[in-house]
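Asker: Each chain, written out:
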Amino acid sequence: MEEITLQQVIFGIVALMMMVCSVLAVTSGKILRAATALLLVLFGTAVCYFILGYTYLGAVQLSVYAGGIVVLYVFSILLTRSDKNMNERIPRGRWFAALATTVAGFVLVAFLLLSHGFALGGIPALEELAPGVVGEALIGTGKYQFVLPFEAVSVLLLACMIGAIMIARKH
Amino acid sequence: MEINVVCYLMVAAVMLFAGVYGFFTRRNLLATLISVELMLNAANINFAVFNRYLFPGVLEGHFFTLFGIAISAAETAVAIAIMINVYRNVRNIQTDDISDLKG
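Chains as they are written, first to last, in this note's numbering: chain A, 1 to 171; chain B, 172 to 274.
Hints listed in this document are in silico derivations from the structure and should not be mistaken for laboratory results. Among the clues, some could well be false.
With a Cα cut of at most 20 Å, we get these calculated SDA-like pairs of lysine to any residue [unchecked claim]:
id: 1; chain 1: A; residue 1: Lys170; chain 2: A; residue 2: Leu72
id: 2; chain 1: A; residue 1: Lys143; chain 2: B; residue 2: Phe226
id: 3; chain 1: A; residue 1: Lys84; chain 2: B; residue 2: Ile242
Values in this document were obtained by computation on a predicted structure and should not be read as measured data.
Could you build the full structure based on these sequences and the hints that come with them?
Answerer: This is how it looks when you write it as structure tokens:
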């Protein structure tokens, strides 16, 4: 009988929270509650990255997603008065078809994951990846280094920023 | 002490299919975008977990996740700009009401 470590307890709680909140985020009738559930899911994802040892990734997840994107969501919910018009009346046949598709897909994926032998091993928790390694790989020009995608993403972000300003500007 | 890979992958699968369900059933554009974020997050978790599990020595999945986060931030910004513009013109962001581009 192996003893249960603290990481496993934390992962169990966070995994349960993520699953419940991701279902809440798509079923809740109030959109602000859905956004809050999304925020909790994003926090849980960051905790997963921390437990995996990718602390830099967890920090990026916290600052970009939980800090930036959710604030953007909340502001645009208030700007477009989405909480007033969330009348979600869709035809019963379509709702049933969507539910059946979702459940069938999930059952298929879960069956593949559980029946296939490739994913039965474990990941040792909390072997931290040093941020220096990430930084060197991110701005290095050699093999297995990523300066070109980094520059491409920065140009993409600039283009998106200009595009967003152009689209949302008042004429 | 180890955490089984299947645990991570099942959480990601639940998130992915919750996103699929929301994408099918939601009417509000912002709620649809929330579903898309859930799906992107599930994919990001899978990249990180498979990198950690199969090739702990290299960082490809880690950087896929990193760039995925950046790209989804850009996508969200542009989508929300479009929605605000739609709201300014139509006064509503339900998917049924946006049919002006239909011939």
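Asker: All hints are to be evaluated individually against the structure, with a verdict given for each.
Answerer: Hints and how they fare:
no.: 1; hint: A:Lys170 to A:Leu72; verdict: holds (18 Å)
no.: 2; hint: A:Lys143 to B:Phe226; verdict: holds (16 Å)
no.: 3; hint: A:Lys84 to B:Ile242; verdict: violated (30 Å)
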